[in-house]
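S.K.: If you're matching positions, the sequence shown starts at 1 in full-length UniProt numbering and goes up one per residue.
Since the hints were derived computationally from the structure, they do not count as laboratory data.
Be careful, since some hints might not be right.
Mimicking EDC-like on lysine to aspartate or glutamate, the simulated pairs with C-alpha atoms at most 20 Å apart in a straight line are [stated by the list, open to error]:
hint: 1; residue 1: Lys-478; residue 2: Glu-513
hint: 2; residue 1: Lys-442; residue 2: Asp-483
hint: 3; residue 1: Lys-406; residue 2: Glu-416
hint: 4; residue 1: Lys-368; residue 2: Asp-534
hint: 5; residue 1: Lys-442; residue 2: Glu-477
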Amino acid sequence: MMLWRSVVGKLWLTILLLVSVVLTILTVMLLQYFERFHTEQAENQLINHASLIASLLEEENTQDAALSMSKDIAEKFAINAVVIVNGEEYIFTTTEEMYHEQPALVFNEDQELSSVFLEDDFVITQGTYTFPMGEEQVTEDLMVVGMPVSINPGDSGSIFLYQSLEILESASSQTKHIIYLSAGIAIVLTTVFAFFLTTRITAPLRKIRKASLEVAKGNFDMKVPILTNDEIGLLAIAFNRMAKALNTNLNALNQEKEQLSRILSSMADGVITLDREGSVMVTNPPATEFISAWLYEQGYEVEKAGNLPKELEDLFEKVVQEEKEQMGEVDVQGRSWVILMTPLYGQQDVRGAVAVLRDMTEERLHDKLRKDFIANVSHELRTPISMLQGYSEAIIDGIAESEEEKVELVQIIYDESLRMGRLVNEFLDLARMEAGHIQLNKESINLTDFCRRVVRKFQGVSKEHGIELIDEISLLEKPIHADGDRIEQVLTNLIDNAIRHTSEDGSVTLRVEPYENGVKLEVEDTGTGIPEEDLPFVFERFYKADKARTRGRSGTGLGLAIVKNIVESHNGRISAHSKVDEGTTFSVYLPYES
1 MMLWRSVVGK LWLTILLLVS VVLTILTVML LQYFERFHTE QAENQLINHA
51 SLIASLLEEE NTQDAALSMS KDIAEKFAIN AVVIVNGEEY IFTTTEEMYH
101 EQPALVFNED QELSSVFLED DFVITQGTYT FPMGEEQVTE DLMVVGMPVS
151 INPGDSGSIF LYQSLEILES ASSQTKHIIY LSAGIAIVLT TVFAFFLTTR
201 ITAPLRKIRK ASLEVAKGNF DMKVPILTND EIGLLAIAFN RMAKALNTNL
251 NALNQEKEQL SRILSSMADG VITLDREGSV MVTNPPATEF ISAWLYEQGY
301 EVEKAGNLPK ELEDLFEKVV QEEKEQMGEV DVQGRSWVIL MTPLYGQQDV
351 RGAVAVLRDM TEERLHDKLR KDFIANVSHE LRTPISMLQG YSEAIIDGIA
401 ESEEEKVELV QIIYDESLRM GRLVNEFLDL ARMEAGHIQL NKESINLTDF
451 CRRVVRKFQG VSKEHGIELI DEISLLEKPI HADGDRIEQV LTNLIDNAIR
501 HTSEDGSVTL RVEPYENGVK LEVEDTGTGI PEEDLPFVFE RFYKADKART
551 RGRSGTGLGL AIVKNIVESH NGRISAHSKV DEGTTFSVYL PYES
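Using the sequences provided together with the hints, build the complete structure.
M.R.: Below, the structure is given as structure tokens:
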């Protein structure tokens, strides 16, 4: 079935049908021609023989000699003859099978043959004749030629030459067999030749098809061999050029695609490509994180997601309708994203859009921190400056009359100036640390003895406030390499904060133990704790707990920010855990080799 659908089958069948039609027409024409040819040849032969015998009978001097010669001619050319001279019949037959009784009587009774006696020209006819053979009759299909003969003046005669039509049919049958055999041989040869020819023609086409399938699979190195210089050879050349051009273009496209992919992957901004229906086609990692965060916020599963934030969908609808870029903003999981969406134009209309998402959270946070910094600095400096100004005016105006009052006012002025100095120094220290200019004088420190000394330093303060200071300091196998002054500053700040935020009869614990190729220090208190919403900001500048819990010993709010920078400069990390009304724990990890 597949053969007839192929080019080989179609060409083969076409050639075979064409040759078959031609041979059929030629066979029919040849059969008709040879049938007429045999008939005409037999007629001409009989007419010639009849003319020859007639001329012999007319020219010979004796009748016997003429009849003898006529008999010889009939036997030589294998024909049957009846000569009627002056009413006498002379029958010459070549075989006994062709001997018939009274043939002259039969021919004379034939209306057409009997006209020979009345006319001077010959008569030829074909028909079925019945001859008496004793008591039986024999019917024969014969071709008969009748010709008048004039031997002597006044004498009349005629000659009848006849031949069985079976001889003509036999000759025609042989001719037909030859024609049919020739046609069959021609059909067979045509079939073989057509199949061979079409196979030779289609063999290069099959190779081109095979090469096309390989090219479709991405094997552009596949080449078609060029075997001929005809149209198929030119097709092979064109195919090889096409494969080479496709390989070059595809490599260029892959390079551009890889370059674009790397650019998208390395971009800090998110990129989302949308089609005409608003479905996501291409995203880069920041955009994927944005979509995942939004899906998490909405409670959707990533695999089942088929939509985008409503703000993004509204922006896309505006882009499609107005066919110009649009800008918007959306908040997802506490982060602020600014979206710039630009339409992608097709031949007639907008076929999609590209959205660029920029995370503006850090910028907004920096703006907020800058504003908060100015506000906090102004707030921190306003109080001591106001006190300096007020008490100075009191001294100048003579409000303090006694020396004791003047000394008290001067002492207040002095304390406030120290407070301003500490604030400025902490500002400078924090600025240097955040700029990476912190200088560490590292040395080997026996952290066990070091921490016990720090605890003893705060024993007096803790007793003064009715707070139990507990040390759970383990013996460490080896010393730590760190800056002692900075580590003491860390512990001092943490313990001081814990004491200030712990109520009377509470406890503060300093815990030291080995942890993951380093040391873990924990300062745990039983104070009022830190609210959950404030916990992420405890290490920010100017963060302060509720001043109602500080018993008048408010700090600057820079201590924990400085602590974080010191710990991180030692390649360590710090974290805070707290529950309101239960206490707070600050954990510091310091590696042995920082």
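S.K.: Next, verify each hint and record whether it holds.
M.R.: Cross-check of the supplied hints:
{"no.": "1", "hint": "Lys-478 x Glu-513", "result": "holds, 12 Å"}
{"no.": "2", "hint": "Lys-442 x Asp-483", "result": "holds, 4 Å"}
{"no.": "3", "hint": "Lys-406 x Glu-416", "result": "holds, 15 Å"}
{"no.": "4", "hint": "Lys-368 x Asp-534", "result": "holds, 16 Å"}
{"no.": "5", "hint": "Lys-442 x Glu-477", "result": "holds, 19 Å"}
Comparing the model with each earlier hint shows no violations; every hint is respected.
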